[in-house]
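Please construct the entire structure, taking both the sequences and the accompanying hints into account.
Below, each chain spelled out in residue letters.
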Amino acid sequence: MAFDAEPAKVPRTRLIASMVLFLLLMGATPALAGEWGIDGLALLPFFLPALAAMGWMSFEIRAHSRRRGCATAAGMAYNRRMLPLAAGYVVVLLGAILLHQHYHVAGPWLYAIAVLPALPLIGIVWALGRFLIEETDEYQRALAVRKMLVASGFLLVVATIWGFLEEFGLAPHLPAY
Amino acid sequence: MRNRLKVLRAERDWSQQDLADRLAVSRQSVNAVETGKYDPSLPLAFRIAALFELPIEAIFSTD
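Quick mapping for you: the protein sequence lines, in order, are chains A and U. Per our numbering, residue 1 is the first one in the first sequence, and the count goes up by one each step. Per our numbering, residue 1001 is the first one in the second sequence, and the count goes up by one each step.
It is worth saying that the hints were derived from the structure and are not from the lab. Where a beta carbon is used, it is the ideal one built from N, C-alpha and C, also for glycine. Be aware that one or more of the hints could be misleading.
[Said to hold, decoys possible] List time: in silico DSSO-like cross-link candidates among lysine-lysine, alpha-carbon distance up to 27 Å:
#1 Lys147(A) <-> Lys9(A)
#2 Lys1037(U) <-> Lys9(A)
#3 Lys1037(U) <-> Lys1006(U)
#4 Lys147(A) <-> Lys1037(U)
#5 Lys9(A) <-> Lys1006(U)
[Said to hold, decoys possible] Quick look at which bits of chain U chain A covers, simulated, 3 or more residues with Cβ under 8 Å:
#6 1007-1021
#7 1026-1034
#8 1037-1046
[Claimed, not checked] If you only want the chain A side, here are some residues facing chain U, beta carbon under 7 Å, derived:
#9 Gly69
#10 Cys70
#11 Thr72
#12 Asp137
#13 Glu138
#14 Tyr139
#15 Gln140
Structure follows, in structure tokens:
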């Protein structure tokens, strides 16, 4: 292999295309479902294109990190775990909302249905933790920790400012979870 | 931290990916250490030194 410094820039077209497609479909699907009055069990297959786009984006992220030379076993494992967790969250959330709307569940069953969508999200936290534990490349681990800190800090700042605006009646209440 | 990784690599005709494979890290990590963006931990520094069969101070320096 030729002696190299930083290799030439890796093309990102497919990666960006997959991300744009996913965002578009994930945004359009609930809106269109409302517009076209799609409800009940028909919602689940209606979300399939968005979930497929999620799968393609996951594939492109893995391929891109391999091309850039930052792919590690732990990183690939994290990516592979995220896809079923994120897709599972969409499906379970839809299911919980549908069950609540159409079957008027009550009592302990309602508690169970309410908590179910939280489980995939808890799984995402688990996947993040597993990545930090499994990652043997110390630089990749340090990068990931810094990214998590910056993201958390940013979210805290936004939530704090928004919360105070809410207190003074200047902003609508947003479900902060 | 300044280091001679690039020179030592060139002497053995290793690419960054080659060195990364031998150290069991990613190519991006090798690049980060070489360009001084990241200082390796002691265990990694010792592994680098063992790979090139040199003391750590012969590879890394503070000035």
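Consistency of the hints with the structure:
no.	hint	verdict
1	Lys147(A) <-> Lys9(A)	holds, 22 Å
2	Lys1037(U) <-> Lys9(A)	holds, 18 Å
3	Lys1037(U) <-> Lys1006(U)	holds, 14 Å
4	Lys147(A) <-> Lys1037(U)	holds, 16 Å
5	Lys9(A) <-> Lys1006(U)	holds, 20 Å
6	1007-1021	holds (count 9)
7	1026-1034	holds (count 7)
8	1037-1046	holds (count 4)
9	Gly69	holds, 3 Å
10	Cys70	holds, 4 Å
11	Thr72	holds, 5 Å
12	Asp137	holds, 5 Å
13	Glu138	holds, 5 Å
14	Tyr139	holds, 4 Å
15	Gln140	holds, 6 Å
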